[in-house]
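These protein sequences, in sequence, are chains E and D.
Under numbering that gives the first Met the number 0, the first residue of the first sequence is numbered 0, with each subsequent residue one higher.
Under numbering that gives the first Met the number 0, the first residue of the second sequence is numbered 0, with each subsequent residue one higher.
Since the hints were made in silico from the structure, they are not lab data.
A portion of the hints provided could be inaccurate.
[What the hints assert, rightly or not] Listed next, the in silico PhoX-like pairs over lysine-lysine satisfying Cα-Cα at most 20 Å (straight line):
1) E/Lys143 / E/Lys26
2) D/Lys25 / D/Lys200
3) D/Lys77 / D/Lys128
4) D/Lys67 / D/Lys7
5) E/Lys57 / D/Lys68
6) D/Lys4 / D/Lys67
7) D/Lys109 / E/Lys143
8) D/Lys128 / D/Lys115
9) D/Lys73 / E/Lys143
10) E/Lys225 / E/Lys143
11) D/Lys77 / D/Lys25
12) E/Lys225 / E/Lys167
13) D/Lys7 / D/Lys25
14) E/Lys57 / D/Lys67
15) E/Lys225 / D/Lys128
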Amino acid sequence: MFESLRDSFYNALIPDQRYLAYLDGLKITLLISFFAIILGIAIGILVAVVKVTAMNSKMKWLVAICNLYINIIRGTPLMVQLLIIYNLIFTSRNTNELLVGAVCFGINSGAYVAEIIRAGIESIDRGQMEAGRSLGLNYLQTMKLIILPQAVRNILPALGNEFIVLIKETSVAGVIAVTDLTKAAQYVGSRTWDILPPLVIAAACYLVLVMGLTKLLGVLERRLGKGDRH
Amino acid sequence: MIVTKKLKKAFGDHMVLCGIDATIEKGEKVVVIGPSGSGKSTFLRCLNLLETPTDGEIWFEGVNITDKKSDINKIRCKMGMVFQQFNLFPHLSVLENITLAPIQLGLMTKQQAESKAHELLQRIGLTEKADSYPNQLSGGQKQRIAIIRALAMNPDVMLFDEPTSALDPEMVGEVLDLMAQLADEGMTMVVVTHEMRFAKKVATRILFMDEGMIVEENTPEAFFDHPTHPRLQEFLSKIL
Numbered sequence: 000m001f002e003s004l005r006d007s008f009y010n011a012l013i014p015d016q017r018y019l020a021y022l023d024g025l026k027i028t029l030l031i032s033f034f035a036i037i038l039g040i041a042i043g044i045l046v047a048v049v050k051v052t053a054m055n056s057k058m059k060w061l062v063a064i065c066n067l068y069i070n071i072i073r074g075t076p077l078m079v080q081l082l083i084i085y086n087l088i089f090t091s092r093n094t095n096e097l098l099v100g101a102v103c104f105g106i107n108s109g110a111y112v113a114e115i116i117r118a119g120i121e122s123i124d125r126g127q128m129e130a131g132r133s134l135g136l137n138y139l140q141t142m143k144l145i146i147l148p149q150a151v152r153n154i155l156p157a158l159g160n161e162f163i164v165l166i167k168e169t170s171v172a173g174v175i176a177v178t179d180l181t182k183a184a185q186y187v188g189s190r191t192w193d194i195l196p197p198l199v200i201a202a203a204c205y206l207v208l209v210m211g212l213t214k215l216l217g218v219l220e221r222r223l224g225k226g227d228r229h
Numbered sequence: 000m001i002v003t004k005k006l007k008k009a010f011g012d013h014m015v016l017c018g019i020d021a022t023i024e025k026g027e028k029v030v031v032i033g034p035s036g037s038g039k040s041t042f043l044r045c046l047n048l049l050e051t052p053t054d055g056e057i058w059f060e061g062v063n064i065t066d067k068k069s070d071i072n073k074i075r076c077k078m079g080m081v082f083q084q085f086n087l088f089p090h091l092s093v094l095e096n097i098t099l100a101p102i103q104l105g106l107m108t109k110q111q112a113e114s115k116a117h118e119l120l121q122r123i124g125l126t127e128k129a130d131s132y133p134n135q136l137s138g139g140q141k142q143r144i145a146i147i148r149a150l151a152m153n154p155d156v157m158l159f160d161e162p163t164s165a166l167d168p169e170m171v172g173e174v175l176d177l178m179a180q181l182a183d184e185g186m187t188m189v190v191v192t193h194e195m196r197f198a199k200k201v202a203t204r205i206l207f208m209d210e211g212m213i214v215e216e217n218t219p220e221a222f223f224d225h226p227t228h229p230r231l232q233e234f235l236s237k238i239l
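Please work from the sequences and hints to get the whole structure.
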C-alpha cells in the first residue's frame with residue numbers, strides 16, 4: 000500500500016524531469032497572480048476613489064460607470080469572463096495568453112478590491128479629511144497621504160482574503176491555453192495515467208503559496224499598525 | 000484681515016447662517032460664543048471654506064476667497080485650524096504630523112520642517128514625544144500638538160473650533176494657557192468656545208450668535224457686565 004503510493008508519487012515527479020513541469024506551471028501561476036494583484040489594486044483604488052469623490056459632486060455619471068463595471072464583473076462567472084476576453088482578443092494570431100490571463104484576472108479582482116477599499120475609505124473619520132484640507136493639502140494629496148494609508152490598514156484582512164481567492168482562482172486559467180500549475184498537473188497525470196498524485200502535488204503547492212502570502216500579510220499588518228495600540 | 004459680507008449657509012432647507020457681516024482685524028482675538036445650534040461652528044468653518052457658503056462673500060487679506068478662481072489650498076496655508084476632536088493623523092508620528100504639510104507643499108525642506116517642529120515641541124514641553132504616535136498621548140497633549148501642527152505652517156490667523164470641549168477637565172488649562180500665550184504674541188485668533196473665563200481674559204472682542212445671526216458684539220467687559228440683548232442676558236444668566 001505504502002509502496003504503491005510512493006511509486007505513484009515518484010512517477011508523478013521524477014521520470015522525464017516531470018518536476019520541471021510543476022515548476023514551470025508554478026511560475027506561470029505566480030506571474031499571473033502577481034500582475035493580476037497589482038492591476039487589481041490599481042483599478043480598485045481608482046474606482047473606489049472615483050466613487051467616493053464623485054458621489055458628492057456633479058459628476059454622478061462617473062459613479063454610474065463604476066457601478067456598471069462592478070455589477071458586471073461581480074455578476075458573471077470568472078471563467079466566462081476569461082473565455083469572452085480571450086476570444087475577443089484571440090482574433091489576432093499571436094496572443095500572449097499569459098498577458099490576457101493577468102489582465103483578465105486583474106480586471107476581475109479590481110471590482111472586488113474597489114468595494115473593499117471604498118469601505119475602508121468610508122471607515123475613516125471625516126475629521127481626517129478636514130484636518131488635511133485645513134493644512135492646505137489638496138483633495139488628492141489628503142487622500143493619498145492621510146486617508147488611504149489608514150484605510151488600507153483597516154481593510155488589510157479583507158484584502159488578504161481577496162488575494163488568496165485570486166491566487167486559487169487562477170487555476171481556471173487553463174481554459175485559455177495557459178499552462179498554469181493546475182494545467183501542468185493535469186498534463187503530468189495524462190502522461191502517467193494516474194491523475195491523483197499530480198493533483199495532490201498541485202494542491203500542496205497552492206497551500207504553500209497561500210500560507211506564504213498569509214505570513215506576508217501578517218508582517219504588513221503589524222508594520223502598518225504601528226500607530227495603533229501600544 | 001477677514002471680512003464676511005452677508006454670509007449665508009443652509010443645510011437643505013435649514014438656514015444655519017442668516018447673513019453674517021463680520022470684520023476681523025489683524026491682531027484681534029475674537030471669541031464667538033452662543034448656544035448650541037446657533038451656527039458659531041458653521042461660521043468658523045466657513046471662514047476657511049470647510050463649509051461652502053450658500054451665499055455671500057468672504058474676503059481674506061484682500062482676496063475674495065468665495066470666488067471660484069481663488070486657490071483655496073494656498074489660502075488655507077495662511078489659516079491654521081484647530082478642531083474639537085484634535086484630528087491628529089493616527090498613522091503618523093507626532094513629528095510627521097507636524098512636518099507633513101510644510102514638506103508636501105514645498106514650503107520647507109525636510110530639515111527646515113523638522114527643526115521648526117522640534118522648536119515648537121520644545122516650546123510646549125513635549126520634545127520627548129516627537130517619535131510617539133497620537134494614540135499614546137493624553138487629550139491635552141494631542142490638542143497642543145494639533146495647535147503647533149497648525150502653527151508650523153506660519154499662519155496669519157488661527158481658527159479654533161471648540162478646542163477644549165472634548166478634553167477632560169484637568170487638561171483644559173494646559174490648552175488654554177498655550178492659546179493665551181499665542182494671543183500675547185499677537186496672533187490673530189478666532190475662537191469658538193464655551194470657556195467664559197478664557198473669553199474674558201484673552202478676547203479683544205466677543206461675538207454672541209443666536210439662530211444664525213450675530214446679535215451682539217462687544218468688548219469683554221461690556222459684554223459680560225452690561226449685556227443689552229435679551230437673548231444674551233438670558234444666555235449669560237444660565238451659564239454664569
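So, going through the hints one by one against the coordinates:
1. E/Lys143 / E/Lys26: Answer violated: E/Lys143 to E/Lys26 is near 33 Å, above 20 Å.
2. D/Lys25 / D/Lys200: Between D/Lys25 and D/Lys200 the Cα gap is close to 19 Å, so the pair holds against 20 Å.
3. D/Lys77 / D/Lys128: Judged against 20 Å, a Cα distance of about 26 Å means the pair is violated.
4. D/Lys67 / D/Lys7: 17 Å, holds
5. E/Lys57 / D/Lys68: 18 Å, holds
6. D/Lys4 / D/Lys67: With Cα atoms ~16 Å apart, D/Lys4 and D/Lys67 stay inside 20 Å; holds.
7. D/Lys109 / E/Lys143: 19 Å, holds
8. D/Lys128 / D/Lys115: 15 Å, holds
9. D/Lys73 / E/Lys143: Holds. D/Lys73 to E/Lys143 sits at ~19 Å (cutoff 20 Å).
10. E/Lys225 / E/Lys143: 18 Å, holds
11. D/Lys77 / D/Lys25: 13 Å, holds
12. E/Lys225 / E/Lys167: Given pair E/Lys225, E/Lys167 is violated - Cα atoms ~31 Å apart, limit 20 Å.
13. D/Lys7 / D/Lys25: Distance of about 24 Å is beyond 20 Å: violated.
14. E/Lys57 / D/Lys67: Holds, at roughly 16 Å.
15. E/Lys225 / D/Lys128: With Cα atoms ~15 Å apart, E/Lys225 and D/Lys128 stay inside 20 Å; holds.
When each numbered hint is compared with the structure, violations occur for hints 1, 3, 12 and 13.
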